[in-house]
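> Here are the chains, one letter per residue:
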Amino acid sequence: MELIRHAFSFFGHHQELIYFIILSVFVGIEVIGGVPTVLHTPLMSGANAIHGVVIVGAIYVMLNVNPSNMLALCLGFLAVLLGTLNVVGGFVVTDRMLEMFKKK
Amino acid sequence: MKTNLLEVCYLIGSVTFILGLKMMGNAKTARKGNLIGAAGMIIAILGTIVLFVKKDEAGVVDPNYTVPTLIYGMIGGAILLGTIIGWLAAKKVQMTKMPELVSIFNGMGGACAALIGLMEYGKNVGHTGSSIAIVLGIIIGSISFAGSVIAFLKLNGTMNQPIRLPAYNILNTVVMIAVFAFGGYLVFGQINSHMLLCALFGAALIYGVLFTVPIGGADMPVVISLLNSFTGLAAAFGGFLYGNKVMLTGGILVGSAGTLLTLVMCKAMNRPLSNVIFGAFGGGSAVAGPGSDAKGSIKDISVSDLAVLMNYSKKIVIVPGYGLAVAQAQHVIHELELLLEERGVEVKYAIHPVAGRMPGHMNVLLAESNVAYEKLVEMDDINPEFEQTDVVLVVGANDVVNPAAKTDPSSPIYGMPILEVNRAKNIIINKRSMNAGYAGIDNLLFYDPKSSMFFGDAKKALTELVAELKTM
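Line order of the protein sequences matches chains L and V. Mind the numbering: the first sequence is residues 1 to 104 in the working numbering, read in order. Mind the numbering: the second sequence is residues 1 to 472 in the working numbering, read in order.
If you're looking for bench data, these hints aren't it; they were derived computationally from the structure. One should not assume that every hint holds.
[To be verified] If the Cβ cut is set under 7 Å, some of the chain V residues that face chain L in the computed set are:
| no. | residue |
| --- | --- |
| 1 | ALA38 |
| 2 | THR48 |
| 3 | PHE52 |
| 4 | THR83 |
| 5 | LEU101 |
| 6 | GLY122 |
| 7 | GLY129 |
| 8 | PHE201 |
| 9 | GLY202 |
| 10 | ILE206 |
| 11 | VAL209 |
[What the hints assert, rightly or not] Computed from the model, here is a short list of chain L residues facing chain V with C-beta under 7 Å:
| no. | residue |
| --- | --- |
| 12 | GLY12 |
| 13 | GLN15 |
| 14 | ILE22 |
| 15 | THR94 |
Owing to the predicted nature of the structure, the values given are computational and were not obtained by experimental measurement. Even glycine gets a Cβ: it sits at the ideal position worked out from N, Cα and C.
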């Protein structure tokens with residue numbers, strides 16, 4: 001009973017987010033649907049670059065870090081570095097792949 | 001004001017992600033779509049840094065807080081370093097290494113998500129919703145990271161055999177239970193323990209390794225696609241934690257699109273996802289009978305006829321495709337090549353940029369069996385040579401030789417550059433069955449009067465062919 005009440009209050013608090021999430025799922029499916037299958041590989045690579053948006057979270061954590069906390073600073077630095085690799089590498093690789101499709 | 005402006009940045013970011021992905025679905029706009037996504041990403045990142053406002057635990061803005069220069073320096077340094085390494089890696093690496101690169105970049109994102117979770121957990125003990133998002137972010141991010149590293153090593157050739165660990169299923173289950181137990185205990189016990197957090201992190205990493213290790217190299221594109229959607233999910237959990245819309249859109253978009261993409265890839269291989277993940281590799285998949293509506297007649301060729309034909313040819317071009325990878329026939333095809341060369345036949349491989357579903361997939365595969373790099377000829381260079389080619393041997397490739405890409409505007413692959421094998425004197429197509437290729441469309445090449453079908457699993461059929469050639 002307690003758990004159910006908990007779940008309901010959770011839903012009440014995060015209603016907009018939950019709607020947002022469900023709609024985003026459908027957008028994701030919709031965007032991929034009907035894509036010519038030969039483009040799936042670059043699309044996967046492009047999607048790979050886009051989830052690099054996790055770097056925004058890493059930057060946010062880093063901006064909130066207490067500068068005297070060495071461990072947190074190091075982890076944060078690493079997180080931002082890894083996120084950047086994902087973003088930059090992802091977009092550049094995708095661009096190189098798509099370049100090949102242009103050649104006729 | 002700043003906060004509102006930041007929300008606008010995130011809105012722009014979200015819209016460009018959706019738009020970019022949509023545009024990437026069309027060959028004409030794909031490159032622009034990718035750039036639009038990248039532009040949105042830059043806006044979101046810059047906005048996050050420039051428009052930051054410090055909030056205390058209750059969410060009240062602290063207008064007097066300034067971020068220490070050290071932190072700005074470290075963020076700037078990390079971004080600069082990451083940009084240089086990422087850019088160079090993506091630009092300099094050979095086309096053959098691209099699948100690995102995609103895999104490892106995906107792992108970086110997963111690791112990033114896991115690290116965020118590790119750093120944020122302590123601040124959120126007691127908030128069930130946030131704790132769940134954090135713990136799931138750590139678990140999924142770690143699995144994605146460890147799995148991507150294994151996928152990287154496999155594609156790299158460092159680990160090129162599917163590995164069967166003793167008592168694999170038991171081990172797998174134990175680790176999975178451990179992951180859930182640690183996670184559940186952290187969340188519902190409201191424990192703030194670094195030890196337990198590290199144990200969760202470690203167990204999830206091990207699970208990621210166990211998850212990927214038994215899967216064979218040819219299935220790696222599917223695994224990478226799946227891990228890709230995992231990282232998307234991990235990013236989305238981060239977005240949920242901060243109520244950050246751009247992380248949510250980006251993450252969920254990739255999560256759902258990636259999952260669908262994975263399922264489509266599996267379907268094209270005629271294998272359910274569970275089969276890829278849990279099933280034994282190779283062999284057992286059923287061979288469907290000829291099912292398509294015939295548009296003309298299809299000729300068969302026997303092993304002995306083919307051996308004779310090849311033996312008396314001057315020039316043979318081999319077109320490898322995904323079927324070669326699935327059958328793991330790269331070694332036997334190299335044997336065939338050597339045998340023919342010994343008899344004075346000129347042999348080359350025609351590599352289509354997207355053969356094998358991952359650019360560079362075929363190059364990696366053939367390099368593994370020591371095929372000389374000069375023998376692998378790219379599409380634009382080999383196409384003019386087909387005219388003088390006696391025999392084209394298409395092994396497990398389909399869409400990349402489908403003439404519909406040039407002739408049929410209604411075809412989904414219309415406009416894709418293809419290997420123009422129909423200009424050769426004889427076309428031999430090795431396939432397991434008459435099933436359509438990855439794109440799920442019929443191939444008129446099979447009905448070409450110059451074409452003959454050489455049915456069978458690539459490895460088995462080619463081994464027979466080699467044996468037959470040796471007797472001649």
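> Close enough to count: is the Cβ of V/GLY129 nearer than 7 Å to one in chain L?
holds (6 Å)
> Would the hint on V/THR83 stand, with a C-beta cut-off of 7 Å toward chain L?
Hint holds; V/THR83 Cβ to chain L Cβ min 5 Å, cut 7 Å.
> Under 7 Å, Cβ to Cβ, is where L/GLN15 needs to be relative to chain V, so tell me if that hint holds or is violated.
violated (12 Å)
> Next item in the hint list is V/GLY122. Is there a CB on chain L closer than 7 Å to its CB?
violated (9 Å)
> Is the hint on L/THR94 kept, meaning its closest Cβ partner in chain V is under 7 Å away?
holds (5 Å)
> Once the shortest beta carbon distance from V/ILE206 to chain L is found, is it less than 7 Å?
This interface hint is violated because 20 Å lies over the 7 Å limit.
> Against chain L, is V/ALA38 within 7 Å by beta-carbon distance?
holds (4 Å)
> Would you check whether L/GLY12 satisfies its interface hint, that is, whether its CB is within less than 7 Å of any CB in chain V?
This hint is violated: L/GLY12 lies away from chain V, its Cβ roughly 11 Å from the closest one there, beyond 7 Å.
> Report holds or violated for the interface hint on V/PHE201, using the least CB-CB distance to chain L and a cut-off of 7 Å.
violated (11 Å)
> Given a cut of 7 Å on the nearest C-beta pair, is the interface hint for V/PHE52 held or broken against chain L?
holds (5 Å)
> Is the shortest C-beta separation between V/VAL209 and chain L less than 7 Å?
Not OK, violated: V/VAL209 not within 7 Å of chain L, min 18 Å.
> Any CB of chain V closer than 7 Å to the CB of L/ILE22?
At about 9 Å, which exceeds the 7 Å cut-off, the nearest Cβ of chain V leaves the hint on L/ILE22 violated.
In this structure, the earlier hints numbered 6, 8, 9, 10, 11, 12, 13 and 14 are contradicted, and the remaining ones agree with it.
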